[in-house]
Amino acid sequence: MSQGNRGVVYKGPGKVEVQSIPFPELALGNRKCDHGVILKVVTTNICGSDQHMVRGRTTAPSGLVLGHEITGLVVECGRDVEFIKPGDLVSVPFNIACGRCRNCKEGRTGICLNVNPARPGAAYGYVDMGGWVGGQTEYVMVPYADFNLLKFPDADQAMEKIRDLTLLSDIFPTGFHGCVTAGVGPGSTVYIAGAGPVGLAAAVSAQLLGAACVIVGDMIEDRLAQARSFGCETIDLTQDGDMADKLEAILGEREVDAFVDCVGFEAHACGCNHGKEAPATVLNSAMQMTRAGGQIGIPGLYVTEDPGAADDAAKHGALSMRFGLGWAKSHSFHTGQCPVMKYHRPLMQAILFEKVKIADAVNVQMITLDQAPQGYADFDGGAAKKFVIDPHGSVAA
Numbered sequence: 001m002s003q004g005n006r007g008v009v010y011k012g013p014g015k016v017e018v019q020s021i022p023f024p025e026l027a028l029g030n031r032k033c034d035h036g037v038i039l040k041v042v043t044t045n046i047c048g049s050d051q052h053m054v055r056g057r058t059t060a061p062s063g064l065v066l067g068h069e070i071t072g073l074v075v076e077c078g079r080d081v082e083f084i085k086p087g088d089l090v091s092v093p094f095n096i097a098c099g100r101c102r103n104c105k106e107g108r109t110g111i112c113l114n115v116n117p118a119r120p121g122a123a124y125g126y127v128d129m130g131g132w133v134g135g136q137t138e139y140v141m142v143p144y145a146d147f148n149l150l151k152f153p154d155a156d157q158a159m160e161k162i163r164d165l166t167l168l169s170d171i172f173p174t175g176f177h178g179c180v181t182a183g184v185g186p187g188s189t190v191y192i193a194g195a196g197p198v199g200l201a202a203a204v205s206a207q208l209l210g211a212a213c214v215i216v217g218d219m220i221e222d223r224l225a226q227a228r229s230f231g232c233e234t235i236d237l238t239q240d241g242d243m244a245d246k247l248e249a250i251l252g253e254r255e256v257d258a259f260v261d262c263v264g265f266e267a268h269a270c271g272c273n274h275g276k277e278a279p280a281t282v283l284n285s286a287m288q289m290t291r292a293g294g295q296i297g298i299p300g301l302y303v304t305e306d307p308g309a310a311d312d313a314a315k316h317g318a319l320s321m322r323f324g325l326g327w328a329k330s331h332s333f334h335t336g337q338c339p340v341m342k343y344h345r346p347l348m349q350a351i352l353f354e355k356v357k358i359a360d361a362v363n364v365q366m367i368t369l370d371q372a373p374q375g376y377a378d379f380d381g382g383a384a385k386k387f388v389i390d391p392h393g394s395v396a397a
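So in my numbering, the last one in the sequence shown is 397, and the numbering has no gaps at all.
Calculated directly from the structure, the hints in this document are not laboratory data.
There could be a bad hint or two in this list.
[To be verified] Straight-line alpha carbon distances no greater than 30 angstroms define the calculated DSSO-like cross-link-like pairs of lysine-lysine that follow:
hint	residue 1	residue 2
1	K105	K85
2	K161	K85
3	K40	K105
4	K151	K342
5	K385	K355
6	K246	K329
7	K315	K15
8	K315	K11
9	K342	K40
10	K161	K40
11	K161	K151
12	K85	K329
13	K11	K161
Could you build all of it, start to finish, from the sequences and the hints given here?
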């Protein structure tokens, strides 16, 4: 099979273009990829972590094909693929995992040891993550298909819920993982830092896990309104005032049980300094706001190299944290990529049995492939939406 293909390509800070790109092959360099499949992409989502690259805050090279949140229809299988067939509709975890190494066998698929020569862990279309071609495309190749792919049990039913199921490739598991690692459970009080799509996914995940009160903090009113639309309390971080006082006004207590950082390294200071970048501010707030013995989940991205950082230390991932406070309060910190495969099947079931409406929570907006550059611009401007690209017009309006 060989035909045309187009994708969203990073061209330099602030610029992405839709370009013609090679049709994928079942190959890894010069050798065949008999364990892989080629997908016709049904939906592929713009992620906040893509924005870090597009804003020039990473070492991403010009020409990188973007996109790691992929749902697709199998159109071709390598000879060694046994359990996935052409015609299957599947969700692709953004982590690429071999299924064979020590970490994969322990369920730590976010840090597979065999898919990236530079470091543990790989992802489609992302800087320093193995050089894999991204999936904001019409067609894409997926390796280790039997291990990685989640097949939807009924394709027609899945297409009816595709606006929700498309979020299984990254942000729903990532938000859920942030809450699980923060110890969220029945009766918990939870603070979610950031009301972007991952923050909103974390908020609805906290509700799914039984939290008593979910508080979301952000600086953009439209995003806070979106959090309130499904029952969250909110804090406007552009306003001055002590965070403990703001928590007490909502909870009657000055600390929360669990804290989830859905902002990451491009964080800004709060109150009158909210226009100033302060990359450690969320982490320091987490230690101040979380009760002694509490847990802090950190799905927000932190990088080892940030060429656009405000100071030299932050350019190399060195942040000024008051770690002694976290130690004194016996906090536990949980970092790193979400191991999507740990969660995507149960979260699929929650969607199919209508226990959660994740697309409504994150405000999914369908766009065409040609609208992707504008989607990036709108997302960067603070739109309270999750932009989902439909490359082939497969999804009914």
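Going through the hints against the structure:
1. For the hint linking K105 to K85, the alpha-carbon distance of about 24 angstroms falls within 30 angstroms, and the restraint holds.
2. For the hint linking K161 to K85, the alpha-carbon distance of about 21 angstroms falls within 30 angstroms, and the restraint holds.
3. Taken as a hint, the K40 and K105 pair is honoured in the structure, with Cα atoms around 29 angstroms apart against an allowance of 30 angstroms.
4. Pair hint K151 plus K342 holds up; C-alpha atoms about 15 angstroms apart against a cutoff of 30 angstroms.
5. Restraint check for K385 and K355: satisfied, since their Cα atoms lie roughly 21 angstroms apart, inside the 30 angstroms limit.
6. Proposed proximity of K246 and K329 is supported: the alpha carbons are some 21 angstroms apart, at most 30 angstroms.
7. Of the pairs offered as hints, the one joining K315 and K15 holds, with about 22 angstroms between alpha carbons and a cut-off of 30 angstroms not exceeded.
8. The hinted pair formed by K315 and K11 meets the criterion: a straight-line CA distance of about 22 angstroms does not exceed 30 angstroms.
9. A distance of roughly 25 angstroms separates the Cα atoms of K342 and K40; the hinted pair therefore holds under the 30 angstroms criterion.
10. About 18 angstroms separates the Cα atoms of K161 and K40, which keeps this hinted pair within 30 angstroms; it holds.
11. For the proposed pair K161 and K151, the alpha carbon gap of about 14 angstroms is at most 30 angstroms, so the pair holds.
12. The suggested pairing of K85 with K329 is violated, with an alpha-carbon distance near 51 angstroms, which exceeds 30 angstroms.
13. Distance check on the hinted pair: K11 and K161 sit about 33 angstroms apart at the alpha-carbon level, beyond 30 angstroms; violated.
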